[in-house]
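Asker: For the sequence shown, the positions run 2 to 261 when my numbering is used.
Hints may contain errors.
Unchecked claim - Within a straight-line C-alpha distance of at most 30 Å, the following computed DSS-like cross-link-like pairs (lysine-lysine) qualify:
(1) K228 <-> K142
(2) K15 <-> K230
(3) K142 <-> K230
(4) K194 <-> K181
(5) K57 <-> K181
(6) K120 <-> K57
Said to hold, decoys possible - Now the in silico label distances, taken between C-beta atoms and shown as ranges:
(7) W65 <-> L256: 46 to 56 Å
(8) A185 <-> T6: 31 to 41 Å
(9) T29 <-> W65: 48 to 58 Å
(10) P226 <-> T125: 38 to 48 Å
(11) Q150 <-> N114: 31 to 41 Å
(12) T5 <-> L82: 27 to 37 Å
Since the hints were made in silico from the structure, they are not lab data. All residues carry an ideal CB built from backbone N, CA and C; glycine is no exception.
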Amino acid sequence: MNITTINTNIQSHKNELLSHPLYAKVQTIDDLRIFLENHVYAVWDFMSLLKALQSKLTCTTTPWFATANPETRYLINEIVLAEETDLTLDGRRQSHFEMYLEAMKACGAATENIERFLKNVAETKNIFVSIKKSNLPIEIKAFLDFTFQTIEQGKAHEIAAAFTFGREDLIPSMFTAILKNFQANLPHVDLSKLIYYFERHIELDADDHGPKALQMVTELCENDPLKWKEVEIVSIAALEKRIGLWNAIETQIILKEELV
Numbered sequence: 002m003n004i005t006t007i008n009t010n011i012q013s014h015k016n017e018l019l020s021h022p023l024y025a026k027v028q029t030i031d032d033l034r035i036f037l038e039n040h041v042y043a044v045w046d047f048m049s050l051l052k053a054l055q056s057k058l059t060c061t062t063t064p065w066f067a068t069a070n071p072e073t074r075y076l077i078n079e080i081v082l083a084e085e086t087d088l089t090l091d092g093r094r095q096s097h098f099e100m101y102l103e104a105m106k107a108c109g110a111a112t113e114n115i116e117r118f119l120k121n122v123a124e125t126k127n128i129f130v131s132i133k134k135s136n137l138p139i140e141i142k143a144f145l146d147f148t149f150q151t152i153e154q155g156k157a158h159e160i161a162a163a164f165t166f167g168r169e170d171l172i173p174s175m176f177t178a179i180l181k182n183f184q185a186n187l188p189h190v191d192l193s194k195l196i197y198y199f200e201r202h203i204e205l206d207a208d209d210h211g212p213k214a215l216q217m218v219t220e221l222c223e224n225d226p227l228k229w230k231e232v233e234i235v236s237i238a239a240l241e242k243r244i245g246l247w248n249a250i251e252t253q254i255i256l257k258e259e260l261v
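Given the sequences, and given the hints that come with them, work out the whole structure.
Answerer: Rendered as structure tokens:
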């Protein structure tokens, strides 16, 4: 098994995600705000997948010792550099999560819920307790639970699978579809920070992070058929959880429309 086989075996799930009816539902600024206020949890937990991989593949403690594979060291450190300290539209350094929060505020989307959730995570020091106690939709809870269960299990190739096939390898196509929809349906709304965020992801993931993430999976699995099978299982689960997240957002938009 290899990357080509994995892509073939998960293609139907990717097709379902990329043709999801949610994209066409985002037609007003209120729809956009609902999308942002829910999608932000995926932007945030992506950073945890990223840092979990960095912890697994590099030495982040002292005394320092070289980890086994310098290639995976390089790949993850390069991705972390841009994701955690990229340039904003006005030339400041921020993580992509912080950029997303600023874009939300510029669009008038509420950030209080995600900020309250993160405060609770810091207080409980137990992400699973915070997820369970939150008032988030069940699909978003399941999405977050899956991410942190994958991290908790601690297998680098499985974390890389969730990171790559559930996120990095998918983001260019997915965000292009979302961005086109926003531009078509909201031509008179100032979305400059949000569009910059999406375009930055498209640029980085299509040309740089996506290929690096695929190479990282290959390095981690090598010729081990069990690891490749586990990558496939985690990748499909990650896509299913993303579909669940999209379903939850679509439902909220539909319910808002019914109340009008």
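Asker: Quickly compare the C-alpha distance for K228 and K142 to 30 Å and report which way the hint goes.
Answerer: Distance of about 27 Å is within 30 Å: holds.
Asker: Quick check on a hinted range of 31 to 41 Å for A185 and T6, using CB atoms only.
Answerer: holds, 36 Å
Asker: Given the hinted pair K194 and K181, is their alpha-carbon gap at most 30 Å?
Answerer: holds, 15 Å
Asker: So does P226 sit 38 to 48 Å from T125, Cβ to Cβ?
Answerer: holds, 39 Å
Asker: Straight-line Cα separation of K142 and K230 no greater than 30 Å?
Answerer: OK: K142 and K230 at ~26 Å, within 30 Å.
Asker: With respect to the beta-carbon atoms only, verify the hint that Q150 and N114 lie 31 to 41 Å apart.
Answerer: violated, 22 Å
Asker: I want to verify a distance hint. Is the separation of the beta carbons of T29 and W65 within 48 to 58 Å?
Answerer: Given a distance of about 52 Å, which is inside 48 to 58 Å, the answer is holds.
Asker: Do the Cβ positions of W65 and L256 conform to the proposed distance bound of 46 to 56 Å?
Answerer: holds, 52 Å
Asker: Tell me if the straight-line CA distance from K57 to K181 falls inside 30 Å.
Answerer: Answer violated: K57 to K181 is near 37 Å, above 30 Å.
Asker: Given the range 27 to 37 Å, decide if the beta-carbon distance of T5 to L82 lies inside it.
Answerer: holds, 28 Å
Asker: For a C-alpha distance cap of 30 Å, please report whether K15 and K230 respect it.
Answerer: This hinted pair holds, its Cα atoms lying about 18 Å apart.
Asker: With the threshold set at 30 Å, check whether the alpha-carbon distance from K120 to K57 stays at or below it.
Answerer: OK: K120 and K57 at ~26 Å, within 30 Å.
Comparing the model with each numbered hint stated earlier shows that hints 5 and 11 do not hold.
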